[in-house]
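Chains as they are written, first to last, in my numbering: chain S, 10 to 308; chain D, 10 to 308.
Where hints are given, some of them may not hold.
One copy or any two copies: either way a pair holds, since identical chains are not told apart in the list.
[Claimed, not checked] In silico DSS-like links for lysine-lysine, alpha-carbon gap of 27 Å or less:
1) Lys288 - Lys58
2) Lys38 - Lys297
3) Lys58 - Lys209
4) Lys288 - Lys14
5) Lys14 - Lys221
6) Lys34 - Lys288
7) Lys14 - Lys265
8) Lys265 - Lys95
9) Lys288 - Lys104
10) Lys297 - Lys95
11) Lys158 - Lys95
12) Lys288 - Lys95
13) Lys158 - Lys35
14) Lys35 - Lys265
15) Lys58 - Lys265
16) Lys35 - Lys58
17) Lys14 - Lys58
18) Lys58 - Lys221
19) Lys297 - Lys221
20) Lys288 - Lys35
21) Lys38 - Lys158
22) Lys221 - Lys34
23) Lys104 - Lys209
These are calculated hints, taken from the structure and not from any lab test.
Keep in mind that this is a model prediction, so the values were computed, not measured.
Protein chains: 2
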Amino acid sequence: MNQIKRVAIVGGSHGNELTGAYLVKKFQKYPNLINRTSFETLAILGNPKAIVAGRRYIDTDLNRCFTGDNLQTAAITSNYEELRAKEILQILQPKNQEFVDAIIDLHTTTANMGLCIILSDMHPILLNLAANLTAINPLVKVYIHQQPKNSGFLRSLSKLGFAIEVGAVAQGILDAQLFQQTEQLIYHVLNYFEECNQDKLTLVNNTLTFYKSIGMVDYPRNEDGEIQAMIHPQLQFRDYQPLHPGDPIFLTFEDKDILYEGESTVYPIFINEAAYYEKGIAMYLSQKDIIHIGIRFDY
Amino acid sequence: MNQIKRVAIVGGSHGNELTGAYLVKKFQKYPNLINRTSFETLAILGNPKAIVAGRRYIDTDLNRCFTGDNLQTAAITSNYEELRAKEILQILQPKNQEFVDAIIDLHTTTANMGLCIILSDMHPILLNLAANLTAINPLVKVYIHQQPKNSGFLRSLSKLGFAIEVGAVAQGILDAQLFQQTEQLIYHVLNYFEECNQDKLTLVNNTLTFYKSIGMVDYPRNEDGEIQAMIHPQLQFRDYQPLHPGDPIFLTFEDKDILYEGESTVYPIFINEAAYYEKGIAMYLSQKDIIHIGIRFDY
């Protein structure tokens, strides 16, 4: 089996998601916290300018800039995040070195997603990692949103790339409890990679419950694009809970319920994420599923 | 008794506090909701540019721009909020008219402040209003932060000016339940002013429990001004709860408790408000007090 040689922890790709930014600052100050004997760990601040500005981004969402188009062109751009994506790529793969083997991308959300592991790819090592983490902490949920490499998301650059998305927490604040829970989760991940290198992986769970993205829903909007309704109070903070056809999904400003008109039960995720208003996303919809995990882990 | 002739409802003075902005848009669309027979009601979007940008402000905090210095000088400024404050002043007092009699300034906070009425002045009509509102809804709390006229806050421009500060809600999102609760609160206020004009005011409570500002506490910071600790998990979301000397107040990034070293019990408010990180405020401290309310209301 191949060894994991370098792991990157990236925090603050969105400048107003403070948990990841301050965890990375902590790891930069105390590297022994993330060092393991069998691999090197990098701690990278994703978007330093946006962190100082206290905003998600300066010019554009950094976590949509890791596209093939942007990364492969040498063209000079004045867009800060497009430039920063190229810089991060060079950190992840310095000249004459291999690309980092794993990326842990730290995010927070205003949705009530607990401690969510977001996978772009159903790599068996990641699925077993996810099963391990859910066994350790029942707050851990697993969301699979398949994306090809170079789709724009940092995590999709690496075979063992994933995001840790924690919430509910407001933009621009630190919630100490979520900070500590995220920190512990990272240590578990690093320990898991260490066991992976030492061929000591065990199967703690042979099944994994996960939520698989099947689409998204926008807010009702008028012809000017302005939203005409809010997340329904009965849906707010109920991420991962079943939404049945006929259940209320939005409440208009005129106090009228809008019902979910889908044909089958779905599991909404990222409900009322602040940064998604401008993206036209009120929530993602997912299917709940169970997968059997095998014992062979080839990297 | 003088009549209340014009009332201004201002929302979205901070562009990322959506509740007030969308309530004002609703009132502009349906003015009959806020019209009362004995007075005129204006619904004003505080900071339209910041609302579009989804940020608290463009150049500077609008709700610190209502200073005598800024409002009384005709000097041309390129600062958007300084200009906007002058514009709002002209809406509140058009040529040859009197200044609006009351201002209801709508805000939200990431702190767990419920439905908070913030008074800059202990005007008997406002104290009785506050007592009425707390009697109707136990979620209503009253915070008194005395400020002179022209101190920079919009509410301090008017004798019957106050803020409604609701939370906890993240910046950049609408929470439907808080939206509806705030809306109902506004209707109660307008009905109260109507009764006031019709000399029908009644005393529902002859005492009012309130929290009076006695100062504020900043985060522990290093020499570069960077924060070194978070709100302690045991204090997070515990606005209006007693904080005793020796109670934990912060948690450092090295997991060390920092204890409150004051000499007496205080009641923290605005705990972990996102917008206050840059202002050097981790929370305000208040004293809990009770006042007896008289029956005479002279405006």
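Going down the list of hints, with the structure as the test:
1. Lys288 - Lys58: So Lys288 and Lys58 pass the 27 Å test inside a copy (22 Å) and across (19 Å) alike.
2. Lys38 - Lys297: This pair counts as neither: shortest intra-copy Cα distance 40 Å, inter-copy 41 Å.
3. Lys58 - Lys209: Classified as neither; 41 Å inside a copy, 57 Å across copies.
4. Lys288 - Lys14: neither (36 Å within a copy, 43 Å between copies)
5. Lys14 - Lys221: For Lys14 and Lys221, the Cα distance exceeds 27 Å both inside one copy (30 Å) and across copies (57 Å).
6. Lys34 - Lys288: between (29 Å within a copy, 22 Å between copies)
7. Lys14 - Lys265: neither (56 Å within a copy, 33 Å between copies)
8. Lys265 - Lys95: neither (47 Å within a copy, 38 Å between copies)
9. Lys288 - Lys104: neither (35 Å within a copy, 43 Å between copies)
10. Lys297 - Lys95: neither (36 Å within a copy, 54 Å between copies)
11. Lys158 - Lys95: Close inside one copy (15 Å), not across copies (52 Å); limit 27 Å.
12. Lys288 - Lys95: Intra 23 Å, inter 34 Å, cutoff 27 Å: intra-copy only.
13. Lys158 - Lys35: neither (30 Å within a copy, 44 Å between copies)
14. Lys35 - Lys265: Between. Shortest inter-copy distance 14 Å satisfies the 27 Å Cα cut-off; intra-copy 47 Å does not.
15. Lys58 - Lys265: neither (42 Å within a copy, 29 Å between copies)
16. Lys35 - Lys58: Answer is within: at 18 Å inside a copy they meet the 27 Å cutoff, but 36 Å across does not.
17. Lys14 - Lys58: Close neither inside one copy (29 Å) nor across copies (49 Å); limit 27 Å.
18. Lys58 - Lys221: neither (33 Å within a copy, 38 Å between copies)
19. Lys297 - Lys221: within (6 Å within a copy, 50 Å between copies)
20. Lys288 - Lys35: This pair counts as between: shortest inter-copy Cα distance 23 Å, intra-copy 31 Å.
21. Lys38 - Lys158: Neither. Shortest intra-copy (32 Å) and inter-copy (47 Å) distances fail the 27 Å Cα cut-off.
22. Lys221 - Lys34: neither (32 Å within a copy, 37 Å between copies)
23. Lys104 - Lys209: Neither way: Lys104 and Lys209 sit 32 Å apart in one copy and 80 Å across, limit 27 Å.
When the structure is compared with the earlier hints, violations turn up for hints 2, 3, 4, 5, 7, 8, 9, 10, 13, 15, 17, 18, 21, 22 and 23 and for no others.
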